[in-house]
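Throw the hints in and build the complete structure from the sequences for me.
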Amino acid sequence: MNCSQAPGFILSGLSRDREKWQPLFSIFLALYLLGFLGNLLLLLAIGADVNLHTPMYFFLSQLSLVDFCFITTTTPKLLEAVWTGNGSISFSGCLTQLYFFAVFADMDNLLLAVMAIDRYAAICHPLHYPFLMTSCRCGLLASGSWGIAHCVSLAHTLLLSQLSFHNNQEIPHFFCDFGPLLRLSCSNTLLNETLMIALAGVLGLSALLCVISSYGCIFYAVARVPSAQGKRKALATCSSHLSMVLLFYSTVFVTYLKPPSSSHSSGEVVAAVMYTLVTPTLNPFIYSLRNKDVKSSLRKILNVKNSQD
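Numbered according to our numbering, the sequence shown spans residues 3 to 311.
Certain hints may be false.
Calculated cross-link-like contacts (lysine-lysine; reagent style BS3-like; alpha-carbon spacing at most 30 Å) [as the list claims (entries may be wrong)]:
| id | residue 1 | residue 2 |
| --- | --- | --- |
| 1 | 297 | 235 |
| 2 | 297 | 233 |
| 3 | 235 | 294 |
| 4 | 302 | 235 |
| 5 | 233 | 294 |
Listed next, with one range per pair, are the computed distances between beta-carbon atoms [said to hold, decoys possible]:
| id | residue 1 | residue 2 | range |
| --- | --- | --- | --- |
| 6 | 39 | 294 | 14 to 24 Å |
| 7 | 164 | 74 | 26 to 36 Å |
| 8 | 200 | 248 | 19 to 29 Å |
| 9 | 195 | 138 | 37 to 47 Å |
| 10 | 81 | 222 | 41 to 51 Å |
| 11 | 215 | 92 | 42 to 52 Å |
| 12 | 138 | 287 | 27 to 37 Å |
| 13 | 92 | 134 | 43 to 53 Å |
| 14 | 138 | 190 | 41 to 51 Å |
| 15 | 157 | 229 | 49 to 59 Å |
| 16 | 42 | 218 | 29 to 39 Å |
Read the hints as simulated data drawn from the structure, not as lab findings. All C-beta atoms, glycine included, are put in the ideal place defined by N, C-alpha and C.
Next comes the structure, spelled out in structure tokens:
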């Protein structure tokens with residue numbers, strides 16, 4: 003097989019075992035629609051209710067926007083591959099999918115860290131919270147996260163576009179990811195792998211350390227609260243965010259806590275389904291089901307729609 007810089011690929015992570023995976027099409031479709039509508043409703047609820055125009059809900063709306071886009075980046079191609087058995091994708095389409103996948107994955111990581119900082123400021127410094135988390139600083143944190151995510155993704159995608167690949171190779175995944183692509187390249191991928199490990203280490207570990215240190219301070223502050231009711235009230239504001247942190251990092255670590263060139267397994271595909279489809283679907287429900295303000299805003303929106311009908 004000849005090497006080319008613009009080959010076509012076949013996503014065979016699920017379509018290879020079509021008889022096994024096709025019965026799951028309805029489940030994938032239901033999760034996609036549920037995540038799509040759930041994140042959309044949460045965005046509408048936060049935007050429509052003035053009482054939710056606070057730093058915590060601003061960052062939550064950013065997370066819902068990211069998850070809304072995240073599931074749309076990979077799931078439609080997954081549904082097509084499962085239903086038709088045709089996982090073919092062009093090189094340009096693969097790079098485009100990879101670029102936006104990396105942007106939204108990095109944004110999930112960064113926003114979870116930013117939300118941990120917000121909870122730290124609210125619980126550990128409640129009197130100074132309005133001065134610490136001003137609208138300007140919240141905007142800078144969000145825009146800075148978007149800028150970092152796009153720069154990191156652009157660097158990876160540009161370097162990947164310079165590699166050569168064998169024509170019509172099968173990618174053992176349901177979307178274009180860095181590791182499977184690097185394993186299929188007939189070029190020297192040392193620079194790509196070094197950059198991936200370096201940026202993932204700096205970006206991922208710094209965000210994770212930010213979350214851990216923030217919650218360390220939060221738990222210490224909560225432990226000093228004299229009343230049990232006060233402790234429960236303080237922890238209740240963090241429970242939803244902490245659930246999302248555990249769900250996100252547990253699935254990401256299963257997939258990416260190893261060198262990019264190491265072998266691929268079916269367990270990675272299952273973990274990837276979890277963090278690209280299941281986690282973004284669950285996030286809006288984790289917040290809305292545990293939050294009285296969000297549920298109240300959603301009821302108002304639904305009641306308005308019913309009255310108009």
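### Query
Does the structure break any of the earlier hints, and which numbers would those be?
none
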